[in-house]
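Let chain A serve as the given structure and place chain B on it in line with the hints.
Protein chains in written order, with my numbering: chain A, 1 to 659; chain B, 660 to 1318.
For the record, the hints were derived by calculation from the structure and aren't laboratory data. Hints are supplied without guarantee of correctness; some may be wrong.
What the hints assert, rightly or not - List time: in silico DSS-like cross-link candidates among lysine-lysine, alpha-carbon distance up to 25 Å:
id, chain 1, residue 1, chain 2, residue 2
1, A, 349, A, 227
2, B, 1008, A, 107
3, A, 108, B, 1008
To be verified - Sample of chain B residues facing chain A (criterion: CB under 7 Å; computed from the structure):
id, residue
4, 668
5, 698
6, 766
7, 860
8, 989
9, 993
10, 995
11, 1000
12, 1022
13, 1051
14, 1053
15, 1081
16, 1295
These numbers come from a predicted model, not from an experiment. We put the CB at the ideal spot given by N, CA and C, even for glycine.
Protein chains: 2
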Amino acid sequence: MNPNLGRQRVVVENVRPQVDAGRFAVKRALGDRIVVEADSFADGHDIMRCNFLLRHESQPQWTESPMQPQGNDLWRSEFLADQLGRYEYSVEAWIDHFHTWRYGLRKKHEAGQDVSVELLIGAELVSAAHRRVTQIGKRNLFAEDAKYLAAAAKQLEEPGKQPADAIQLALSDELLARMDRFPDRQFATRHPTLAITVDPLRARFSAWYEFFPRSTATRRGEHGTFKDCLSRLDYVQQLGFDVVYLPPIHPVGEAFRKGKNNATSARTDDVGSPWAIGGVAGGHREILPELGTLADFRSLVEAARTRDISLGIDIAFQCSPDHPYVKQHPNWFRARPDGSIQYAENPPKKYQDIFPFDFETDDWQALWNELTEVVLFWARQGVRVFRVDNPHTKPFDFWEFLIGNVKRNFPETIFLSEAFTRPKIMYRLGKLGFTQSYSYFTWRTLKAEFIEYFTELTQTPVRETFRPNLWPNTPDILPEYLHSGSPPVFSMRLLLAATLGANYGIYGPAYELCEHLPREHKSEEYLDSEKYQLRHWDLNSPRSIAPLITKVNQIRRQQPALQNDWNLDFHPTDNDQLLCYSKSTDDKSNIVVMVVNLDGHQEQHGFITLPLDQWGIDHSRPFEIEDLLTGAHYQWQGPREYVELHPDQQPGHIFRIRG
Amino acid sequence: MNPNLGRQRVVVENVRPQVDAGRFAVKRALGDRIVVEADSFADGHDIMRCNFLLRHESQPQWTESPMQPQGNDLWRSEFLADQLGRYEYSVEAWIDHFHTWRYGLRKKHEAGQDVSVELLIGAELVSAAHRRVTQIGKRNLFAEDAKYLAAAAKQLEEPGKQPADAIQLALSDELLARMDRFPDRQFATRHPTLAITVDPLRARFSAWYEFFPRSTATRRGEHGTFKDCLSRLDYVQQLGFDVVYLPPIHPVGEAFRKGKNNATSARTDDVGSPWAIGGVAGGHREILPELGTLADFRSLVEAARTRDISLGIDIAFQCSPDHPYVKQHPNWFRARPDGSIQYAENPPKKYQDIFPFDFETDDWQALWNELTEVVLFWARQGVRVFRVDNPHTKPFDFWEFLIGNVKRNFPETIFLSEAFTRPKIMYRLGKLGFTQSYSYFTWRTLKAEFIEYFTELTQTPVRETFRPNLWPNTPDILPEYLHSGSPPVFSMRLLLAATLGANYGIYGPAYELCEHLPREHKSEEYLDSEKYQLRHWDLNSPRSIAPLITKVNQIRRQQPALQNDWNLDFHPTDNDQLLCYSKSTDDKSNIVVMVVNLDGHQEQHGFITLPLDQWGIDHSRPFEIEDLLTGAHYQWQGPREYVELHPDQQPGHIFRIRG
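Only chain A is shown next, with the shape it has when bound in the complex (with noise of 0.2 Å):
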């Protein structure tokens, strides 16, 4: 047995933030403010402290500040995340003999008891004290710390006929100083190491666009190239959107390829989906040719650079039956008795186009090692976005593997999850290290749904590792409340998803023109799908929504409100299809109220009230506001206000309160 053991006294447990017993990190972004709280405690009555340690993962050495006791047996600190990537923290606290030696000798000094044992006490504390500085071995550093102290624990030992002096110098801040510099921490306990993953600002506040570069050739029925996205670029900047991503950009397979509109057998100048991917020009690490260039690639990357604009790709593991692995790693599929390769299905449905990995391979390890260089292959030609296409139907495990091996090299890297599954599974990625994952906001249309769901998201323990991104429509999803084709309906879901989440994104020019025919009634799949064909966009359209999403996109990088989830607010209105919520900075300094019609066809009104006391403004005074949207300015008096809203003129307010 560890011959210490029985005598670390100290308790550290429940240090936070932490997630499953510190089994996964916490998720931050730079710049944030990190609070990190314990509770320890010792038995008896002894004087302790309580150290926090962290460390940056580039650092090998912890650093060490004192925690502030803040009651209770509660400690506080707090540090500033001021690097991406991982930190690891820990809590170390110890029983500290000299400060109880201390606190009890001045009580009895003070009730005028001898305490001349109490001075050869503290003389042996500061001894022990000595000897340790002399081991630590940079003697020449701590010369000056070391003749301090066996000079104080003689004048202790020996106060002679200065009785008061020694008992001055065993109170005084010096001796204390000294000694805190090299306390006795034998017996100290420490708590498991924890980490937090601090991540770029844009994985906390991001505005994300999806387009097909395939779709953005200026003649119409031509195949769309990566120079074509360049002036694409030039349009999604002016909407206001900080990152695009692209669907897959590699060669497609021929073999069972899909016709429009997901038809079994395509004719010879179908295009395919860009999902099946691997063709004769290459896997995953290849571009398809009508694109472009590997160096066309690069150039569009830096293009969006330059914008401010983070472009992503999407990450699709899985194989067209024309992919180069299917040769080369037969064993990375399954095979079947018949000697052919299992297609993915979903009986008795047949995907026969695509080829699953087999994750339960023998050669796993080998599987898992080249599917992450895919990542780092594109991360190196300056990619830090990936959209990852149904995570949940690989394992986990190699998920945080992968993850944890991009983001050890770039640190900057976001992973979005595309998982619309099931809830513990979505936040199931979230913790293996998803920076983002796509949520259910796109299925949510009742007020009590959007209050429940988010209040969920955002004032839950699931918000430490789950991030949230609302996507009112994908190329896979056309929700049915979207088939009418009205922009005021297109409006209001764009404000929902824009101020409820702080990271939200459209898939365009679809969305901001109310493209709206599904492929058969009540289908979520569009018709005409640019999965599987050229589309021609017209963004000049005149029902185009693009000026309210420029709006909505400048609001949110002006108000510091909307740039964070955990800061939301819902309140009561006396009317279900209004919905109220605010966002606030922690200093009130920012305070935005949202109010939508969720109804979308009709003008609806009623009553507000909102939590002003939480605001700090007087009830009997008015207030000003301003609707962000409008400009316009009003005059508002007490918790409680009428509002008015009618689809035709406007989706909803953005007020900022002007306290």
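Just chain B, lined up with the frame of chain A:
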């Protein structure tokens, strides 16, 4: 790296009950039905299975049973805690390829697809199961299974001219049952083992009575003996208590002995404090000669048992200067530089009659072992209840060691923690193994305080390891609100203790006789405290509230709802001096509603509001209630009822609802 690591595709998380990631065992009582839940899921869409694993500490083998899926990746099992002691449990889950295959085969077959290749895949799965059977070794036991599976594999592989028969076999219940007996669990995921401590029923439901054996003599002024205690046991039994505990029964030190009312010097006839343990007659394993012999003590324990009373003793790990340990083990105490031993102190106060153990001694392992042996010694004398004095002044890990050792040998043992200290320390002691703990009930007087504190104790994770025991007084604590000596106040506090908590206790006869004089104004110390002198009690005093106590204890035994802490529910009242709460059994067959007048001096009345919907009671129909304290019957209707309480008549109501 474990070559299977990457292939363990199933996640098992959030298995509950669970405390601090399994660092501590949760607590339950004998006869409890224990529900275990887990979140478990895998990537993709394969069918998985999830087993619950359980073993009692007395069994080497795990018992397995399938967990029931509840939807949303939640799995559940339930078992009866029918043995005292420690259970270990875990959850193991895996992907079942046979189930997945069978599901797909059925779908394809129903869709009329050719399944010949699927049958070959099935043949491989069945062959693999056959290999597993033959490798188990107990071949004779499973010979029939082996034969069946070999034949089935062959038929699936070579269906010949009867593919329909092969399909029928493939989908048969019998093949499924046989396959389920030998699943492929090589890539199974197993959750770390968790633990539950099953305590005797009395750990969950008990009424304690503390008395000083030395104050039981028939004749005033004489030192009571264990023989005198026998008639006191009859009295306590009549009152309806089922645990009696005695302050320390060991020889009392002479050095620095305290006199009456804690005088620093004792007179020759002063009996001293029983907590100053150790004298010429011995230490923690010996008995104070004035009380009797070890044989007398064993007789007393046995006499209690025949009355269905558990007799407990006080464990106070500290020594008088006369304790044999002081000479035998000087290294278990801290030496001062002048050669003296460090006495207890709270500077500038000195407690020179008490030497604390130095748990930081090099010899801590011997100290731990000896103190554990002390408890085991008394356990061998038949003691199964230990009230531990000041556990928070000894290292936490020491208690885990001691309690663990004792309960391994005597799993029915109950340890009550005497820790009126900071809440996190009290909760830690509960986690470490204390069966019950004193609580802040003693100082809670306001309605809001009761609701806040008891909600924390009974409705948060605290309850998994912390069982409060509610004491309106102790020999150390005469709370200020009792200083009036008013029997209605003593009755009110008794009623609260006995119905808010399933575990409660009093220090008597002081309590039922309304002993109320403090040593000084506003002090919590009793005047003429039994801690320092003999007392003679007039059990027949007309001021005694023994009749009420007897009634309340009867009611507690008759109403199962009062025997549990977790079912406590507070209800609104429109008068802050009226506290209303209920307890009910899970099946609502027993619903008991308390209304207590917190004033204690003045009549109070008001309306209470009951959750009739929760209890399945129709708002529009009258229902019967009975006041169990008075036997009066009423009819109520609807959730809102008027209540009026006169302290001189009754301290509160205990209503039984008759649905």
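Status of the hints after comparison with the structure:
{"no.": "1", "hint": "A:349 / A:227", "verdict": "violated (38 Å)"}
{"no.": "2", "hint": "B:1008 / A:107", "verdict": "holds (9 Å)"}
{"no.": "3", "hint": "A:108 / B:1008", "verdict": "holds (8 Å)"}
{"no.": "4", "hint": "668", "verdict": "holds (5 Å)"}
{"no.": "5", "hint": "698", "verdict": "holds (5 Å)"}
{"no.": "6", "hint": "766", "verdict": "holds (4 Å)"}
{"no.": "7", "hint": "860", "verdict": "violated (30 Å)"}
{"no.": "8", "hint": "989", "verdict": "violated (17 Å)"}
{"no.": "9", "hint": "993", "verdict": "violated (9 Å)"}
{"no.": "10", "hint": "995", "verdict": "holds (5 Å)"}
{"no.": "11", "hint": "1000", "verdict": "violated (12 Å)"}
{"no.": "12", "hint": "1022", "verdict": "violated (10 Å)"}
{"no.": "13", "hint": "1051", "verdict": "holds (6 Å)"}
{"no.": "14", "hint": "1053", "verdict": "holds (6 Å)"}
{"no.": "15", "hint": "1081", "verdict": "holds (6 Å)"}
{"no.": "16", "hint": "1295", "verdict": "violated (33 Å)"}
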